[in-house]
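One-letter residues, chain by chain:
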Amino acid sequence: MSKERASASAGRVGSGEQVAGSPVATDERTITLELFRYHPETDAEPRFQSYEVPYNEDWVVLDAINWIKDHVDGTVTHRWSCRMGVCGSCGMMVNGEPVLTCAAFLKSYFPFAVRVEPLVNFPVERDLVVSMDGFMDKLEAVKPYMIRDDVNDTSGGEFRQSPAELAKYKQFSMCINCMLCYAACPVVGHEEGFLGPAALALGHRYNKDSRDHGRSERMDVMLSDEAMWGCTFVGECSVVCPKHVDPAGAIQQAKAMGAQEYFKAFVMPKGAGA
Amino acid sequence: MSHAATEQHDVVIVGGGGAGLRAAIAIAEENPAFSVACVSKVYPMRSHTVTAEGGAAGVIKPSDSLEDHIYDTISGADWLADQDAVEYFVHRAPEEMVQLEHWGCPWSRMPDGSVAVRPFGGMKIERTWFAADKTGFHMLHSLFQTTLKYGNIVRYDEHFATKLLLDDAGRCRGCAAIELRTGTVRAVLGRSVIICTGGAGKAFPFTTNGAIKTGDGMAMAYRAGVALKDMEFIQYHPTGLPGTGILITEASRGEGGILVNKDGRRYLEDYDLGEALDVSDPRHPQKRAMELGPRDKLSQCFVKEMWAGRTIRTKDGEVVHLDLRHLGEAKIDRRIPFVRELARNYAGIDPVHQPIPVRPVVHYVMGGIDVNSESATDIAGLYAAGECACVSINGANRLGSNSLTELLVFGAQAGRNAARFAMENPDLELGGLESQARDEGERIRRAYFSAGARRAGSADGGGASERIAVLRNELHEAMEDGAGIYRNQESLEKTCDKIAELKERYANVSLDDHTNSFNTELTAALELSSLLDVAETIAHSGRERTESRGSHQRLDHPDRDDDDFLAHSLAFRTEDGGAPRIEYRPVTITKWPPGARTYGADSGLKREAEGSGTGGPSAADGNTE
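Protein chains in written order, with this note's numbering: chain A, 484 to 757; chain B, -4 to 620.
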């Protein structure tokens, strides 16, 4: 409702044209958003387009983008849903940093312009939307599900798990798949085979779960070639993670676990030590 | 809109949230040779199940009983729930919860390794399983990750379904869906179809619901001829953050949080909800009383406090305070950390030191696609489960923490029944279905992209140009003004008229974007069209129900009327697409005749009086994770 009351100036600063039907400028404060634009059907190259948006200190960057789409330019394309930092849809680069735009308040940038781009290290589909194909494949690759024979047998009630056992993996189960860590990671961009922070943390989450029996199967994937070893412990993934998952910590633990498996493989037949 | 090759499966599921994924696993598990399509307008882990916070109900502790869960659900529903369905639901719930535990859901635990439970509103005894206060998030991700195990679940991520496809025998055999990446319209065919597309909170301006909750599946079924049942029953959650509508979970009250008005009074005790025990009293929080009363009553109490001038004025409207300070930082961080994160980020206050401003917010649609207790609609081969469906176990008011369990129990049931139907109806005639999908693509192109549509939508063309956001805002206003917590004949009639007007104006909706790739302006237009149909059923069903029951409160008919309205409303689409036709079907009563709905001292807290303790095994325990 407050969004609609904020019917201040609108117009495309970049193109200089007055938009038909948009409200006339008033003396209310505004903030400039510079949006990355790219349409695969019409654009050879991406460009930036600027929009003046009414400044509301309760607004997040996502609110400003939605205001543009609703009132000024319906062609602006982005993903979003929950607006409360848990669905993971609205990650973008804001002034060069990967953030959830539903958690990035305009007041942290005002009065300066806010530049919004799609997450780096992903192919762009259109405007602020990136392709998730590779990311989804990597998630699937680590076998992120409970592996044990009686997984569908509910007759014995719940598998017991103490609070201490839960605490061993809980943090790594908090990932919302927002992909900010892939945008922050210097390895993801140039090592195709690198599974990346979120997928490795997810594999590690199941490896650390006391109910799971699939570690050796999972480690076969995680230990192959560049899957995990490419990580150079820059740690940016953990810095940008909005949910404090600490994928860098997960990878470090997984590497230690992997080294053990590696040595075990010399003295025992494969899988026996799982 | 171009066309793609037809995709053929055994069962097609529309919607990739909790119910859809649970259905997919049920089918894949029991029918390894089957191919299951999961068509979703977003990637599954973006589905709105992800935002559910407090927990999921299932009887597991020896102190609890199936009977209690059934009674709490039926009385919470103000006797509008079908009792055979509630019995099935409650009996299946524990097994489904354990199954999800086996699939990896990180439920919070007791020191002995068993799952922990917490109390929720309207419950005689604590039975809510929880994963801190991100229960829906963990459930959705556990389900999604489990689906990755099955090679026979084929996902159509970011495919927007627009129409159900029926064969000559009237059986539902798939859907037409727009692949967002390319704009291609695809026929996704199967021998049966399950709709699991969630609710329609976005018909209202102030809602906990995410952008995607636009009633698309409800509208699709309605347009195919299925009734939308009990649509007048809209749940307001009593504790949303002002401005944004972000949910502050009921678990915050289950853990002992209290609600106070501008005078610091725990005003709920003025509304027959029990006695305000001191927060240091070991019997606090008392179940089925005060802050743990049901959601409909608590939201209604807020409005009465507001009318009496005892709420607190803020720049985002009137609020009351949810005070958690007495819980202490350690308990808040351990049990409801997300509440602290949300309050800090979006309200700028730390609940460890300050009370949280809250007000009622549209949260859940009790009504939905009319299905029987087998999750089947009146169209052969078409099933529905989750918030989009109305079985009904939720009646006139859903009990907190029943919806997450509902999507498991009925998602699995719908999956099994749809698989059986597919087995028994193996023939699939492609030709007619493909041509329906082609026609649907053509309809969309004509309506939104053609020269005619552009002319009609332009100021100097056939009609006045209409912008999506303008129509949507007017719809929001009409729904809040006329179909909110308290309603009357006049307000509902005005809303019905307004929606009719908006539907006419929708014909002149004008898009800026006429391209194919990832056209989210087109999907927003389609979503608005769904919302208009769904909103119309809400307003008309509300206008026809001249009684007050649960969440449907008529100021001009303040009493419950079991003689005339112990019945489900059924809104059918009419030939011309105008106002729906409303019919009624009696509620199924098995063992629990309608009674007075009491909370507080009279709520039958016999079990507690017998001394099993009120804090329960988990609530008082500081060691659970």
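Treat the hints with caution; some may be incorrect.
Claimed, not checked - Once the Cα atoms are required to be at most 30 Å apart in a straight line, the calculated DSBU-like pairs of lysine-lysine come out as:
#	chain 1	residue 1	chain 2	residue 2
1	B	Lys310	B	Lys489
2	A	Lys653	B	Lys56
3	A	Lys738	A	Lys726
4	A	Lys651	B	Lys326
5	B	Lys257	A	Lys653
6	A	Lys653	B	Lys326
7	B	Lys257	B	Lys299
8	A	Lys590	A	Lys738
Calculated directly from the structure, the hints in this document are not laboratory data.
Right, here's what the structure says about each hint:
no.: 1; hint: B/Lys310 <-> B/Lys489; result: holds (28 Å)
no.: 2; hint: A/Lys653 <-> B/Lys56; result: holds (24 Å)
no.: 3; hint: A/Lys738 <-> A/Lys726; result: holds (22 Å)
no.: 4; hint: A/Lys651 <-> B/Lys326; result: holds (20 Å)
no.: 5; hint: B/Lys257 <-> A/Lys653; result: violated (39 Å)
no.: 6; hint: A/Lys653 <-> B/Lys326; result: holds (17 Å)
no.: 7; hint: B/Lys257 <-> B/Lys299; result: holds (13 Å)
no.: 8; hint: A/Lys590 <-> A/Lys738; result: violated (41 Å)
Violation of the numbered hints given earlier is confined to hints 5, 8; the remaining hints are satisfied by the structure.
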